[in-house]
Amino acid sequence: MSVLNKIKTVLTTPIRDIEGRLKKGYYFLSLEISLTYLCNSRCTFCNIWKIYKENPNLLKKELSKEEWIDFLSKNNKYLAWVSLTGGEPLLKDGAIDIINYLLNNGKNVEITTNAIAYKYIIGNLEKIKNKKKLFVGVSLDGPKEIHDKLRGVPGNFDNAIKLLEWLEQNNFNFGISVTISYQNAPYIMELFEFLEKRGWIDKVSFRVATISQYYRNEQKIVITKEHIQSIKEALLKIYKGYPRFRKDKFYFGNLLFLEGKIDFDCVAGRNFLFIDPYGNVYPCLYRLDKKLGNIKENPNLLNYLGKFKRDCKCWSECHYLPARRSSTKELLSYIWFRLFSNKKHL
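Residue numbering for the sequence shown follows the UniProt record's numbering, starting at 1 and increasing by one per position.
Worth flagging that the hints you see were computed from the coordinates, not collected in a lab. Just so you know, not all the hints are guaranteed correct.
[To be verified] Each computed PhoX-like pair below joins lysine-lysine, with the alpha-carbon atoms no more than 20 Å apart: (1) Lys107 to Lys77; (2) Lys144 to Lys107; (3) Lys107 to Lys133; (4) Lys50 to Lys61; (5) Lys144 to Lys203; (6) Lys296 to Lys65; (7) Lys261 to Lys296; (8) Lys203 to Lys240; (9) Lys249 to Lys237; (10) Lys290 to Lys307; (11) Lys107 to Lys119; (12) Lys131 to Lys203; (13) Lys129 to Lys65; (14) Lys329 to Lys247; (15) Lys119 to Lys61; (16) Lys232 to Lys249; (17) Lys144 to Lys129; (18) Lys144 to Lys162; (19) Lys247 to Lys261; (20) Lys61 to Lys291; (21) Lys307 to Lys296; (22) Lys261 to Lys203; (23) Lys144 to Lys197; (24) Lys162 to Lys203; (25) Lys162 to Lys197; (26) Lys232 to Lys197; (27) Lys313 to Lys249; (28) Lys65 to Lys127; (29) Lys247 to Lys232; (30) Lys197 to Lys261; (31) Lys132 to Lys203; (32) Lys50 to Lys60; (33) Lys249 to Lys203.
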């Protein structure tokens, strides 16, 4: 590949990410919304699905479709990217109406699904009127037996594959989201080889499982010091087998973060906010101890910016990508890493 073509390839993602910055009257803000904590998974590394089983009355406190759309309409000019999560976001009554509202207003929208109720999901996605700026992520954490065990639902793997096939056949922008923990680390390459045979390896994104109030998990369930080495070994195999991951700062950063050797210009509370199903606003989903307010009392998102001083470290796609989009420092770091990454860690 010529130097010119290499530079063009490296710059493709950053150029796509920053195109919104040049639009007048456009405040660059990424927003992550958890539409609901309803969830039909039974994941071993996340306990969100237990919330309404333990306290069913909490479900009544979730914001309605109408409340979400009213809030989004008041902040339309500030928003660039909106990520909708859960729980299982498409279990939210009116989720597709919220998605269509955002897409019709020119927003980049990302949703992630576990694909368990794949027929229901397809029925909803068929109602999307403008899918050009919609990205659908499908969770897949290992070969069939491993994935179904981790997700706690027999048949989940097969349903995920059926949904991926449908998304491909119907020309949706889609990806495959892999969470790596000590529980599936030994089987990750088997999954990647399967996805490569299906022609989906370029659709893969991955991250290491994390500990968070949001996921309601415990360290012993996800990752302990004794298991870090097995995760590192899995990451090294990925980098050697698939060089594109080694050359991307986020993906290679998973390994460096485990070794305490990397950080990034986090924009949580600056150009990124997280809102839970009840309208509570936080700098990000890892800092639920830093509530900034509630959109029912104060719907203007600009009032929440600049009130959080970072005193933590994480390495999450949810927070790294907004940083790359809105931080010049992080964007330059990303480009530098792509151009000059090397094999010294391998």
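Hints and how they fare:
1. Our distance criterion of 20 Å between C-alpha atoms is met by Lys107 and Lys77, whose separation comes to about 10 Å.
2. Distance check on the hinted pair: Lys144 and Lys107 sit about 35 Å apart at the alpha-carbon level, beyond 20 Å; violated.
3. Restraint check: the Cα-Cα separation between Lys107 and Lys133 comes to about 7 Å, which is no more than 20 Å; the hinted pair holds.
4. Between Lys50 and Lys61 the alpha-carbon distance is near 16 Å, which keeps this suggested pair within the 20 Å criterion.
5. This hinted pair checks out: Lys144 and Lys203 have alpha carbons roughly 18 Å apart, not beyond 20 Å.
6. Using a Cα cut-off of 20 Å, the hinted pair Lys296 and Lys65 holds, with the two alpha carbons roughly 13 Å apart.
7. For a cut-off of 20 Å, the pair hint linking Lys261 to Lys296 is broken: about 41 Å separates their Cα positions.
8. About 18 Å separates the Cα atoms of Lys203 and Lys240, which keeps this hinted pair within 20 Å; it holds.
9. In summary, the hint linking Lys249 to Lys237 is supported, as the alpha carbons are separated by about 17 Å, within the 20 Å threshold.
10. Taken as a hint, the Lys290 and Lys307 pair is honoured in the structure, with Cα atoms around 10 Å apart against an allowance of 20 Å.
11. At most 20 Å may separate the alpha-carbon atoms for a hinted pair to count; Lys107 and Lys119 exceed this at roughly 26 Å.
12. Distance hint between Lys131 and Lys203 is fulfilled; the C-alpha atoms sit about 17 Å from each other, no more than 20 Å.
13. In summary, the hint linking Lys129 to Lys65 is supported, as the alpha carbons are separated by about 18 Å, within the 20 Å threshold.
14. The hinted pair formed by Lys329 and Lys247 meets the criterion: a straight-line CA distance of about 18 Å does not exceed 20 Å.
15. Using a Cα cut-off of 20 Å, the hinted pair Lys119 and Lys61 is violated, with the two alpha carbons roughly 28 Å apart.
16. Restraint check for Lys232 and Lys249: satisfied, since their Cα atoms lie roughly 16 Å apart, inside the 20 Å limit.
17. Restraint check: the Cα-Cα separation between Lys144 and Lys129 comes to about 33 Å, which exceeds 20 Å; the hinted pair is violated.
18. A distance of roughly 13 Å separates the Cα atoms of Lys144 and Lys162; the hinted pair therefore holds under the 20 Å criterion.
19. Taken as a hint, the Lys247 and Lys261 pair is honoured in the structure, with Cα atoms around 16 Å apart against an allowance of 20 Å.
20. For a cut-off of 20 Å, the pair hint linking Lys61 to Lys291 stands: about 17 Å separates their Cα positions.
21. About 18 Å separates the Cα atoms of Lys307 and Lys296, which keeps this hinted pair within 20 Å; it holds.
22. Of the supplied pair hints, the one linking Lys261 and Lys203 is violated, its CA atoms being roughly 27 Å apart against a limit of 20 Å.
23. The suggested pairing of Lys144 with Lys197 holds, with an alpha-carbon distance near 15 Å, which does not exceed 20 Å.
24. This hinted pair checks out: Lys162 and Lys203 have alpha carbons roughly 15 Å apart, not beyond 20 Å.
25. About 16 Å separates the Cα atoms of Lys162 and Lys197, which keeps this hinted pair within 20 Å; it holds.
26. The suggested pairing of Lys232 with Lys197 is violated, with an alpha-carbon distance near 24 Å, which exceeds 20 Å.
27. Under the criterion of a C-alpha separation no larger than 20 Å, the hint pairing Lys313 with Lys249 is consistent with the structure, at around 16 Å.
28. Pair hint Lys65 plus Lys127 holds up; C-alpha atoms about 16 Å apart against a cutoff of 20 Å.
29. The straight-line distance between the Cα atoms of Lys247 and Lys232 is roughly 17 Å, inside the 20 Å bound, and the hint therefore holds.
30. Note on Lys197 and Lys261: the hinted pairing is violated, with a Cα-Cα distance of about 34 Å set against a maximum of 20 Å.
31. For the hint linking Lys132 to Lys203, the alpha-carbon distance of about 17 Å falls within 20 Å, and the restraint holds.
32. Taking the CA atoms of Lys50 and Lys60, the gap is near 16 Å; set against the 20 Å cutoff, the hint holds.
33. Taking the CA atoms of Lys249 and Lys203, the gap is near 17 Å; set against the 20 Å cutoff, the hint holds.
Going down the numbered hints, you'll see the structure goes against 2, 7, 11, 15, 17, 22, 26, 30, while the others check out.
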